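So you can see what is in the structure, the chains are spelled out below.
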Amino acid sequence: MSVLLISEHNNKEVKPFTFNAISAASQINEDVHVLVLGSNSENVVKSISEVPNVKKVIHVDNSMYENYLAENYTSAITKISENYSHIICSANTFGKNLMPRIAALLDVSQVSDITKVISEDTFLRPIYAGNAFATVKSNDRIKCVTIRPTSFDPAPTSGGSAEIETGNPGDETSLSKFIKKEEIKSDRPELGTARVVISGGRGMQSGENFKLITAVADKLNAAIGASRAAVDAGYITNDHQVGQTGKVVVPDLYIAVGISGAIQHLAGMKESKVIVAINKDGEAPIFSVADYGLEADLFDALPKFLEELNKLNTIQK
Amino acid sequence: MKILVAVKRVIDYNVQIRVKEDGSGVVTDNVKMSTNPPDDNAIEEAVKLKEAGKASEVIAVSVGDEKAQETVRKALAVGADRGILVKTEGMIEPLAVSKILFKIVEKEKPDLVFMGKQAIDDDCNQTGQMLAALLHWPQATFASKIEVKDKSLEVTREVDEGLETIEVNTPAIITCDLRLNEPRYASLPNIMKAKKKPIEQINASDLSVDTKPRIEQIKVEEPPKRKAGIKVASVEELVQKLKNEAKVI
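From first to last, the protein sequence lines are chains L and Z. All the letters of the first sequence, read from the start, carry residue numbers -8 to 308 under our numbering. All the letters of the second sequence, read from the start, carry residue numbers 9 to 257 under our numbering.
Chain Z with its partners taken away, still in its complex shape (with noise of 0.2 Å):
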């Protein structure tokens, strides 16, 4: 069973982010860059199915600028086998991402695609359902528990009510969520040998995908800043504020 992963180069989750003064983004030059948290995870269920000996090869995919490359090589490092990196330029949407990853998923005909659920920087959610839709495949998104069986999976998804199981056929789309697993840190002698592993470098403008956006981002701003508060001394004058101060309770 061969395992595409997709991973996304996105600002570090610890950055606090600066909109650009012109409103035409966000800061992201001299701004630490990691994969996409979820996406770490999607990476160590592969991992660990291959180790498992219920999968066979796990490719990482990687969609994005040249730097994306960094994202690919960590993926390797902790244990995929080898990665593919589509060179894109400027903003790209979900829409032409999964494009993108559906002709990547028909030339290397992969037996599941695994990613995160969201990405952290435009929190979209969209990229593994819109996967699933263009090669008619199933989707089991949230996901915090996933059994192989024989043709299928059983995958406990995360909704907002509690937990649902549902079967996937495989092929099958999985996103994962945080609480999937646990996952690893590269170790030095792997961060070495990872670096021997083959990353094909494929351009966007080569697969004869219309990546051009739909969505005009006319501005992008800060949130509107809350008043400082202040703090009480004690849970008698906390008590006291909200009844008569705030009235919430």
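One chain only, chain L, in its complex shape (with noise of 0.2 Å):
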């Protein structure tokens, strides 16, 4: 049997957690068929041909799959799911949305947020924060798994020829309506993907401080986090949120600065590769978690680190 994996995309490009779910798809098992739901969205189609690791690709293009409701996704998917032993989407905002509404019509159990696939019906997935691990089973006859994109590397985008196969849409309904969507758009790399990330925490005291992270950011070329006492406190969009229940993020280099390190903070950051603390609190809990741990005023600091880096011939971007 075959795995269908639902893209996200923004009827231009493939959002890049498609990759990784790609990558996670084939893993199950190879015969993986992408299914694109879009609106004039033929580029999309063939970005995704191009992915070796893809077999078919069905699309199918409509104008009520323009903008993304899971209201008129889900019976597009549904209706094409009895050929199908798995069904797979990215654990993200638009696949925490979509895959419970898929796996409640298909009466199936979902396996959700999997870091790891053991055999084709097993998987490992955090729980309690990633605080612990559960190695579970799904004994359903199809099986409904959302991915953790940051624990799986992106597919490689070419080099591939999937066969186009034009698929049917699903029934409209007019439950839900799209009304907007505010993307910050940054010069900066994504959170999610970034090679390097400093984040900033409720030490920052104001919006008007992140200038300091900004700087550091631009020298490093990093994406920009935050803590969710930071976000609550207002002063950063909720974007750029890392934690349970914001991003989670895996780069190379994470600098945590003025951020105490709740729980729920640290399930966003702690499989990082290399973690730098910068807080004036010495027992602050996130010097548990950190490789380099700083004790400093940040607002010290983050202009001497600055300098620091300025001084360096080279920096790796």
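Heads up, a few of these hints could be off.
In silico DMTMM-like cross-links for lysine to aspartate or glutamate, where the CA-CA straight-line distance does not exceed 20 Å [claimed, not checked]:
hint: 1; chain 1: L; residue 1: LYS6; chain 2: L; residue 2: GLU199
hint: 2; chain 1: L; residue 1: LYS176; chain 2: Z; residue 2: GLU114
hint: 3; chain 1: L; residue 1: LYS295; chain 2: L; residue 2: GLU199
hint: 4; chain 1: L; residue 1: LYS107; chain 2: Z; residue 2: GLU229
What the simulated footprint calls covered on chain L by chain Z, stretch by stretch (three residues with Cβ under 8 Å from a Cβ of chain Z suffice, anywhere in the stretch; the number is not a length) [to be verified]:
hint: 5; segment: 129 to 137
hint: 6; segment: 168 to 178
hint: 7; segment: 260 to 269
Worth flagging that the hints you see were computed from the coordinates, not collected in a lab. Given the structure is predicted, the values throughout are model-derived calculations rather than measurements. C-beta: ideal position from N, C-alpha, C; glycine also.
Each chain sits in its own coordinate frame; assemble them with the hints.
Following this line, the structure appears as structure tokens:
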């Protein structure tokens, strides 16, 4: 049996985590079919057909898919589900919103946010904000699985030429309506895929002070993250939140500034390769996960950090 | 307008989780339990709508063991009018919970169902969406702002790229984000008053719902430990270590 992967895109481009999900899907079964539900989404279909891991792209083009609404997406997926052993998508806000709606209609108990494929029916997933890991085996005839994108490398994006098939649209519902999306445009790398992330917490004291973080981020070509406390205090927008209910990041370098390190924040960053903590409270829990801890006032340390970085001849980008 | 709010009893968010030695789960005996944090936001929002005259009744429902009654009682103490406890035994998956809630919705006929966007124990993030699917209702997940209109709601959702606004017809399911509001604390007089509010007890086995787990939990383990790091004395040393030892800059 084959694996059906639900792609995430904006009708022009494939969202990067789709490629991570494709590589997870191909670990389950090599016969990976990707469903593209979109409106004028030919470019998306073309890009996905070039992924060597993909065997077939099913393209359903209809104006009702111009904006992603789970209510409209679901029936197109459940109608073809009987041909598949697995339905997969990434466990970001796209997949978290969509997959349970599919699973319930198929009477399937979903496996959420897996970090490892052990076999085609057995998976590893974090529970309790990553403070425990459960190995679970799904006994449903179709397995609905969402994957934690940062736990799988993205699939290569060129060299393939998958077959493209035109699929049938599902039923259009009038249950919900898209109104608007306030997307924050940035020239920086995306938080979820950046090589370096620098995050600020409550210790930043104001949104204005985040300019200290921005300056270092510019130098290191880093994405900017934040703790929930910083977002709740209005220092920075929600799309920057790292943690159990925000984004999970696994960069090569994570720099936590003025973040105490609540369990919920650690859940989003403790798999990072190298962790740096800058905090004036030497007892802060963030130091227990940091490879390099600097006990210092961030308002002294950050400008000095930038100064030292400026002295270096080369910086990895 | 009648609002049903689903609340779950979980290990308190401040408790350091311990995995049982036999790998069968995590230690829950003698551990502080609380309401799942975003469920507090769900109750708060429903109570606020009632105070604003937009909702007529707020019903809190929990699916769990006998002790989940405390969680329902807490919802009553912050303003829910009455409670329902659906008693279950053992592990129960979100699919089964959504089928149970489906039966409660059939009986109570609410216009809206609120719940937290995710439970912080199993981190599944499924129940609201599943219930919406079973009812063929629209869903607005990860809600950080709710505006009640005539026969619909305008909901701002926290998504990866920023904020998204959608309109959902009622009846609808809303799953609440932590930033939706600031949950109130229960005052002592309200805690006393809540003791007199009714909680209807229902056995899940009487609802003719298949609650048998479909997923086998093979084992639960501790996460791999990070090896202890070092404290550096100065910014200079930090930069030098990152450059020459960790080789990440």
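Do the hints match the structure? See the list:
| no. | hint | in the structure |
| --- | --- | --- |
| 1 | L:LYS6 / L:GLU199 | 31 Å, violated |
| 2 | L:LYS176 / Z:GLU114 | 44 Å, violated |
| 3 | L:LYS295 / L:GLU199 | 18 Å, holds |
| 4 | L:LYS107 / Z:GLU229 | 14 Å, holds |
| 5 | 129 to 137 | holds (count 3) |
| 6 | 168 to 178 | holds (count 8) |
| 7 | 260 to 269 | holds (count 5) |
Violated hints for the displayed structure, listed by number in ascending order: 1 and 2.
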